[in-house]
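Using the sequences provided together with the hints, build the complete structure.
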Amino acid sequence: MNLYAFLRQPRALVFIPLGFILLGYIVYPAALVLWESLFRDGQFGFGNYGEFFDPDSPSYMEGLFNSVMVSVGSVLLSALIGVPLALIFTHYEFPGRSVFSALAILPIVLPPLVGVLAFLFLYSESGMIPRLIQAALGLERPPFSLNGVWAVLLVHGYTMYVFFYLFTSAALRGMDPAVMEAARNLGASSWFSFRNVTLPLLTPAMVGATLLVFMTSMNSFSAPFIFAGGFRFLSLNIYTSKLNGDMAMAVTQTVVLSAFSIAFLFWMRRYEGRRQYAMSTKGTANVRREIRGRWARLLAGAAGIVMVVVLLLPHLTILLLSFVQDGTWTHQILPQVYTSDNYGRLFQDPTFWEPIRNSLNMAVVSTAADVAIGVTAAYLVVKGTFRGRKLLDALVMVPWALPGTVVAINLIVAFSQGTPFSFGQVLVGSFWLLPIAYFVRHLPIVFRASSAAFRQLDDSLEEAARNLGAGWFYAFRRVTLPLIGPGVLAGTLLAFVTALGEFVASILLYVYDNRPIAMEILSHLRQFNIGSAAAYAVLLLLLVSVVLLGSNYFSRGTAQRSLS
Amino acid sequence: MAQVTLNRLTKHFDDTPVVKGISLTVADGEFFSLLGPSGCGKTTILRMIAGFIFPTAGTVHFNDQDVTHVPANRRNTGMVFQNYALFPHMTVFENVAFGLRTRKVAAAETSDRVARALDLVGLAGLEQRPVPQLSGGQQQRVALARAVVIEPDLLLLDEPLSNLDAKLREETRDQIRELQTKLGITAIYVTHDQEEALAVSDRIAVMEEGECRQLDRPDAIYRRPANRFVAAFMGNMNLWQGVLTTDGGRTVFRHGSGMAVVLLPSASSPAPADTVKADDAAPVNRAATTDSAQADTAALADPATADSTAPADDAQAAGPAGLIYLALHPQAAKLTNEDTEGTVGGVVTTRRFKGATVEFTVDAGGVSIQVVENAEGPMAARQPGDAVRVRIPGDQAIILRD
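Here the protein sequences come in this chain order: U and L.
In terms of our numbering, the first sequence opens at residue 1 and continues consecutively.
In terms of our numbering, the second sequence opens at residue 565 and continues consecutively.
Treat the hints as calculated values from the structure; they're not laboratory data.
Check the hints yourself; a few may be wrong.
Said to hold, decoys possible - Cβ pair distances, simulated, as ranges: (1) U:Asn361 - L:Ser699: 50 to 60 Å; (2) U:Tyr271 - L:Asn627: 45 to 55 Å; (3) U:Arg478 - L:Ser675: 49 to 59 Å; (4) L:Ser675 - U:Arg269: 30 to 40 Å; (5) L:Arg572 - U:Ile133: 58 to 68 Å; (6) L:Arg572 - U:Tyr271: 46 to 56 Å; (7) U:Gly174 - L:Gly689: 30 to 40 Å; (8) U:Gln456 - L:Asp628: 50 to 60 Å; (9) L:His576 - U:Ser189: 22 to 32 Å; (10) L:Gly689 - U:Val27: 43 to 53 Å; (11) L:Glu773 - U:Gly174: 24 to 34 Å; (12) L:Phe917 - U:Ser460: 24 to 34 Å; (13) L:Leu732 - U:Leu87: 47 to 57 Å.
Just so you know, these numbers come straight off a predicted model, no measurement behind them.
Idealized CB from N, CA, C, for every residue including glycine.
Okay, here's the thing in structure tokens:
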């Protein structure tokens, strides 16, 4: 088909804008970054990479090495927490189980920067917990304090075990209990059956969670940003290079980080694909074994309460600090002066609202674009029959493999001059670059949720509706939409809340006019206005919780699936 | 090999009784079926025997050993699951070898026994195939091989054929029975398909709502169902509600519509002509002997209403105990053209051609009668709307009080 014929087709109306946007905001920026990394002081070549991999000045390599090591550590730690929790909550019944299992996903409502701050105030050298223990035991120095690599690891473990927990729980729920019974029937002990049947069947879920935790960890910015101290991390290095005006090294590190992320993604994907088993029918229903015996029940209850306290401490800390009067908490173990002024300013100070309004505006705009592009692309990839579906799939998913720092640097490089994709405008320094970054970063969330929904939609349902006399639109409205709606909505709301709390791209791209909540929190923190920072954090938490609760109400569990 | 004894076996799920005090003994080497509709508790019983769930009350014995609370992995039973429950991440070989691995059987012996088991079910050579690549029938046979390779004391089959298509189902059914006979294993078979149970079992327990409604050999259950539930479950038996009256020393079943059947003890000489009382009884029967079907129905309709109230009132007066049911196999009823004693007139309402037989439904003045005719027979060509007479042999009808 020649170009003219293609353009005359109705579907060109869909493909041309879709291609324009994907090309302009994903492919072109990434390609430009790759291109620029090959120039050193105007000289074409591999000079930048020479510097990166220079054995004599290992600072760049060190950043890469630390990033990889911390990511591996985060995977192990998250798995160690998340998998046993999922097993216990799926297989055993004890008082409070359903409450505990719901609370176990609490860390997910903590936006990245907020979670890190809570850990800072709780467990760092001047944190409340070490100093409370010190005071209680009359020690000379705090018994422990969180910093450096260990702090980053712990924060990662706390926030990312949820991925392992959710994936493993879902896999266990989807597993056919009859298979486990068959193993028992054939004489397998619990352990033998777990090792030889359950664990191998959990592999796809484990791979999925590993992938997600590894990528999130490589991508992690706020934890190293607050805790790293002298340690170098690749994502942090990029930020520092950019701040120091060394764009050549910033783009070079960006390319290295992207290459690592994408390589890891493909490696894990291949492994995952080989081990996927469809378990369509279920032989018997899931039955939870009830924990009997007074002591066992007591122990389970106590462990559950400890878990809840540990899980909730960060949220409670932020809430507590939001009532602290700015500038009054210095050397005391706990803040001394409390006030509701931090919230009072909500109603008095019009500038107080600006960051919240900015975040909401940008989240709405970027999510709307995500829905338009993500749902269309998902429909084309799942239901379409044209060649190049795989390419479209890959293109939309690329940002998923790209750390937020990378997305930001790509956009800075691409739009520091006018381009056809920005209609000749220079976007750096404008309001629009940040929402574009949100759009690019969260496109895969909406896309994945929508393609999952489309994939579950049996074509014959629409055909049945048409057969019964429904017109195309009626069939779409009464059959297709209600079926894909919950999945798409879940993805949309997830993209929305992630945009609300976004920090990584924001710190590189924000301007005063569009400073989002996370940046406002950071700037208050830098002025030691702990109370104001925490108040913003609480408001952000509230926004996120409300949206996620709504999402959960509309579509039970689909938000979790859309992550995988 | 084992004899299995259930003693007042009871299971409650959240205070809802699912199995209500079942006691029965399965003999060593017997092929025993638990038959019933879904929700009757048959699978629950099987799962208690396997040890996946424990009874609320009662015991399970294998021979003389109380295994009520023995964990499932120490019972040495081989189970075939409804969905086969094959380990999807293993090959055929690994699946079949699983039970031998848990029993720490040496590698050489394992491969030897697996090969023999696969040979036994006709799957030799498929050892290295990943399980998801097999067809439903092949998966079923892997499940069977996996269950028997461990030489279990007891073979448990939980609706093993329900996921197969009709032709394969019969084939596999016979194969299972053959294998069980050859190995001499006691087998307990759960199914909701009465034909399946009748074909393979030594004995059948028919279950309803957690209770055993009849336990007997297949032919006995088929010929002499003990109650309405069993009769209805055994296929489309004719089942009529009515009262028993005595008339000149003969026991007569009277239906509300006016149809009457003279019952003879089946031991007595077959005299079908005598079975339906004609002239000397109620006006119904006189009407039943009139010629045209049109007249039949018309005549039946009138006195029917007049007459039906009377016996019903009698029955009411006699208490509910007076109401009984008459069951008759559709094969026992015969279409005829002859207007003789022991026949009732009616109109064919449906005709279902089944190959070797033809199934008719005849409306005889408000009584629906199922009749099965040999497809080669002279009456098999009757069509809906045709007036016919139906011969009802009183010696083959069964009185059910429950």
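Tested hints:
Look at U:Asn361 against L:Ser699: about 58 Å separates their beta carbons, and that is inside 50 to 60 Å. A C-beta distance of roughly 49 Å is found between U:Tyr271 and L:Asn627, which places it inside the suggested range of 45 to 55 Å. About 58 Å separates the C-beta atoms of U:Arg478 and L:Ser675, a value consistent with the hinted range of 49 to 59 Å. Against the hinted window of 30 to 40 Å, the Cβ-Cβ separation of L:Ser675 and U:Arg269 comes to about 35 Å, which satisfies the hint.
The given range of 58 to 68 Å is respected by L:Arg572 and U:Ile133, whose C-beta atoms sit roughly 60 Å from each other. The hinted range of 46 to 56 Å is satisfied by L:Arg572 and U:Tyr271, whose Cβ atoms lie roughly 53 Å apart. Look at U:Gly174 against L:Gly689: about 33 Å separates their beta carbons, and that is inside 30 to 40 Å. Against the hinted window of 50 to 60 Å, the Cβ-Cβ separation of U:Gln456 and L:Asp628 comes to about 54 Å, which satisfies the hint.
At roughly 28 Å, the beta-carbon separation of L:His576 and U:Ser189 lies within the given 22 to 32 Å, and the hint holds. Look at L:Gly689 against U:Val27: about 51 Å separates their beta carbons, and that is inside 43 to 53 Å. Between L:Glu773 and U:Gly174, the C-beta spacing of about 32 Å keeps the proposed range 24 to 34 Å intact. A C-beta distance of roughly 31 Å is found between L:Phe917 and U:Ser460, which places it inside the suggested range of 24 to 34 Å.
The hint said 47 to 57 Å for the Cβ distance between L:Leu732 and U:Leu87, and at roughly 38 Å that hint is violated.
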